[in-house]
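Participant: Which chain is which? The protein sequence lines are A and B, in order. According to this note's numbering, numbering within the first sequence proceeds without interruption in unit steps and concludes at 372. According to this note's numbering, numbering within the second sequence proceeds without interruption in unit steps and concludes at 757.
Just so you know, these hints were derived from the structure itself, not from any lab. Among these hints, one or two may not hold up.
These stretches of chain B come out as covered by chain A in the derived footprint (C-beta under 8 angstroms, 3 or more residues) [claimed, not checked]: (1) 669-680; (2) 698-709; (3) 732-746.
Computed far set for chain B versus chain A, every beta-carbon distance over 12 angstroms [as the list claims (entries may be wrong)]: (4) Asp-398; (5) Ala-467; (6) His-471; (7) Val-631.
Ideal placement from N, C-alpha and C gives every residue a C-beta, glycine not left out.
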Amino acid sequence: MIRDPRGEGRPLKVLAAMSGGVDSGVAAALLAERGCDVTGVTLKLWCYGSSPVSPRACCTLDAIDDARGVARRMGFPHYVVDAEDVFRERVLQPFLDDYANGRTPYPCALCNQHLKFGDLVSRMDAIGAEVLATGHYARVSRDETGEWRLERALDPAKDQSYSLALMPYAALARVVFPLGTLVKDEVRAHGRRLDLTLWDKPESQDLCFVPDGDYAGFAADKLGETRGTREGAFVDGGGREVGRHRGIFHYTVGQRRGLGLSGPQPLYVIGIDAARNAVQVGPRESLGSPGLETDSVNWLMSRPPEPGTRVEVRIRSHHVPAAATLEAAGASARVRFDEPQAAVAPGQLAVFYAGDRVLGGGPIARALQPAA
Amino acid sequence: MIYLDHNASTPVRPEVREAMDAALGDLHANPSSLHREGQRARAAIERAREQIAALVGARPDEVAFASGGTEGDHAGLVGLAWAAESRGRRVAISAVEHHAVHGAGDVLHRLGYTIEHLAVDGEGRVLTDAIAALPADTTVVALMLANNETGVIEPVAAAAAAAHARGARLHCDAVQAAGKVPVDMASLGADTLVISAHKLGGPKGVGALIVRRDTPWEPLFRGSGHERGRRGGTENLAGIVGFGIAAELAMRDLAAESVRLAGLRDRLEAALRRAAPDAVIHGAAAPRLPNTTNVSIPGARSDHLLMALDARGIAVSAGAACASGAVEPSPVLSAMGVPRALAVCALRFSLGRTTTAADVERAGAGLTEAIHAARAVTAPAGARP
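One chain only, chain B, in its complex shape:
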């Protein structure tokens, strides 16, 4: 199986598994317990907190562990909005945010907030000029660092500056960016930032919300003093230990790995263009993650192509899926102005640490075949035998 869906989830690194195994075997106490066993468990979490802080250019005491990106986005966006409630009940969310951020917006909407959406250009980059023109009672702007579907990198620093200039805060979902490109909270100007372990070689079910010191923010999960009052609930200790190791390794390897992946990505895109000269690569003119290609092959619907590729041992993503599991045109591509006929043909290839040059080579060959097969299915019903 050639696995080209690393943006969905990427294999856990062996060192992470070892560290988690050791933690599960050895650290059984509750990290909040006061005895020495509890203190050993606490130490493991605090070590991981330092590793996470280092990855994103934050201070350890700014890091709160959570169950993953979705929780982090809820806690970040809702927490900022609540803390600024006296100044307004309106937040702005970029049109290309992950479902998790839109979901957090739904929670606020349910509470009576108004949700504004920030438009993007044809490459999927948010139009930051619109931030200055938002209504005065807007208190939070949400903008991701890198888009999960297209890999396009958003102008977060410019958006943060624009938000701050009018007294609003910036929430940044960096789930897809962390470990792939440098993430530095200070230079981004983000007030809250979210990352997730399983996107960078750690386990599923753990992530972190980073809240800048002095940022007015209120917690979502309350009731006990865990995470310095920022997230109630006994910590996912083994997961957090694994997350820490994964973050440390990702940072160590980042420079070399991003060059290697960009090279493979370029070869994959060349193979795509050979297999389908009319292929459209979304966001190609914008700065992108080194590992992500989102492409539409006209006339080859993504659900057909995904099945055809899967049957040939190549795992990719067809973008958004609805509740039933059927593939739907991506809202991200729609926001970029991609016509529906092209959007229903979009596929995402995302490479990762385990991807080799041979994988990319074989994927190129499989693609040619699969595109031919998928186009035959997609042909209008009248043309079928």
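The shape of chain A in the complex, shown without the other chains:
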């Protein structure tokens, strides 16, 4: 797993991205234990002074101390690097814009794309690092033709390949994922064996910058966002108002809870029309969609696949991939599912798999409508 492109017998120089969580800490520690020359970096993404402190959040002052503690224990240098500007511009702002436009953003992919595999990869040369290591559960390999492949982790429960779909193809040649062949219990066991104080830290579930999961509150209180917070109409399939909503920011396609609507059958959010400030609701059957179109796609292959390629598509991070056919594949993609899929939410990623390999992915632009 540890490549030394220079083959001079000296230790591989690694830049390790460390969020302060168990995974990235153990990943860095394992490489140090195997003799790599590791430099740890924690990106400071957010002004911690004002963010809520939660043990489940990975981007707090405590988390930075935890990352530093791993570096101290393993005896390698560690730095904190201010990436607030890039984070705000490339992750937070698109996150807000998406919500305001009635979409359901997936900021983790943008953070991976711009911060970890953008900013950090460019930082490798500054310290002479040959590879970047992160704690993601995914695998990278190279086939006999020289083509790099991003693959799912061996542990399907932890697989994070979905969140990596926007990383640049060229970066695959420069990254290692030490946890890609491990399961979580093994990772914690390594952390304990190496005497890392963070080995039993709770897992983070929510977005690192919104540890309590209240995205709308975060946007309004911390960022002064006013778009998407205006009350408006719930409408049914025929466009009739069936109730009042609290602002489109609070809703996502497929949502059933918290709508405050009563009817003969449960109602779901079917679509969000930001221009009309309307949230369309309907019964479960109307959630299904035969396919989708994406915005621009990031291909993790040297050439985009041919139209007609059979793929499996994952439309949100814990979605069971659905068999589908790529009808068009280039700068953007259109896919048709073998079976209709529920809750195709614009803004989430559509990620294309061929077996374990990630072919690429892009934000969902729109769900295709069933043929009349």
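With the hints as your guide, set chain B onto chain A.
Facilitator: Showing chain B alone in chain A's frame:
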């Protein structure tokens, strides 16, 4: 490793280590004890007190030992303010003071005092004319002797004269200046002055507050009669012994060492300008410490450059760090009017007793490489592969 961060802390001198080792091994009694063993311990402290007094042109009985610069600044500023409380509850602090002085100001603010800030010019020198215009209830002015980030030497004597002319006292943080340039309390006109051992070849965790005789001042740490009632707490004996030796050696070497360091500093700055012709040296037109260079390399953010230099075995400082350890634009440079884009590129090189000409030579070569690497990182995201 080429260590160019002597303003943060400088190696302990071998003679200091020997003296401290001897003190730890031999002087176990409490210096306040009345028996002969206690008296031997007391004698060691009093010897050090004389050495410190000599370094700053004070009398030994004006020297009170403390835990370091931060405590000294708190005791000095707060103690002067308390003693003058009947005349007002306002103090003035220069905008370029060390965090320790701003921290002492926060304590006073918490107690209901008003804190004024004194502006500096583009070279970082405080505008002393503003002292005369301070509100009438201002009782203390705080101005450092040499700035820790830029090395710029402040017009302390002029500030003290202006403060005294209106009945205010002057507190001077001389932590970064002591041992690098002559410090003389009398000619400075300071009423209280602070120095720290680890900036001049002594150990960490010990410093001194010097309070001029007849200056109204109240202690911060009370409860026992240590240090003639000026600082409660059993003395850090070994540290104080080491501090004394370090002060004596620093004074002995000061004239020759400051000439040698200024020469090396000039060579380093020449190398910097060769590596980056657009480099901006902050405070370059003002009188500065002989060992300090604060420079911005446009387009090379200091956190990137610090990592790149560290990877090449060159240790420097990136100025201020926030609670997380991330580098932030320095408030000192902001006060000098340095634009943010330039301030986030500032690095401090500070030379010291162990710095050699070969170090400076090698640092110059490493710099060229590191600047190139850091600029590549700093380039806008869109330009990246």
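Participant: Please go over all the hints and tell whether each is borne out by the structure.
Facilitator: How the hints compare with the structure:
With a threshold of 8 angstroms between beta carbons, the proposed coverage of the stretch 669-680 of chain B by chain A holds, since 5 of its residues qualify and at least three are required. For the stretch 698-709 of chain B, the proposed coverage by chain A is satisfied: 3 residues have a C-beta within less than 8 angstroms of a C-beta in that chain, meeting the threshold of three. For the stretch 732-746 of chain B, the assignment as covered by chain A holds, since 3 residues bring a beta-carbon within under 8 angstroms of that chain's beta-carbons and 3 suffice. Interface exclusion of Asp-398(B) from chain A stands, the closest Cβ pair being 35 angstroms apart, more than 12 angstroms.
The claim that Ala-467(B) is not at the interface with chain A holds, since no C-beta of that chain comes within 12 angstroms of its own (minimum 22 angstroms). The beta carbon of His-471(B) sits about 16 angstroms from the closest Cβ of chain A, which is more than 12 angstroms, so the claim that it is off the interface holds. Non-interface status of Val-631(B) relative to chain A is upheld: no Cβ of that chain comes within 12 angstroms, the nearest being about 35 angstroms off.
Every hint, counting from the list given before, is met by this structure.
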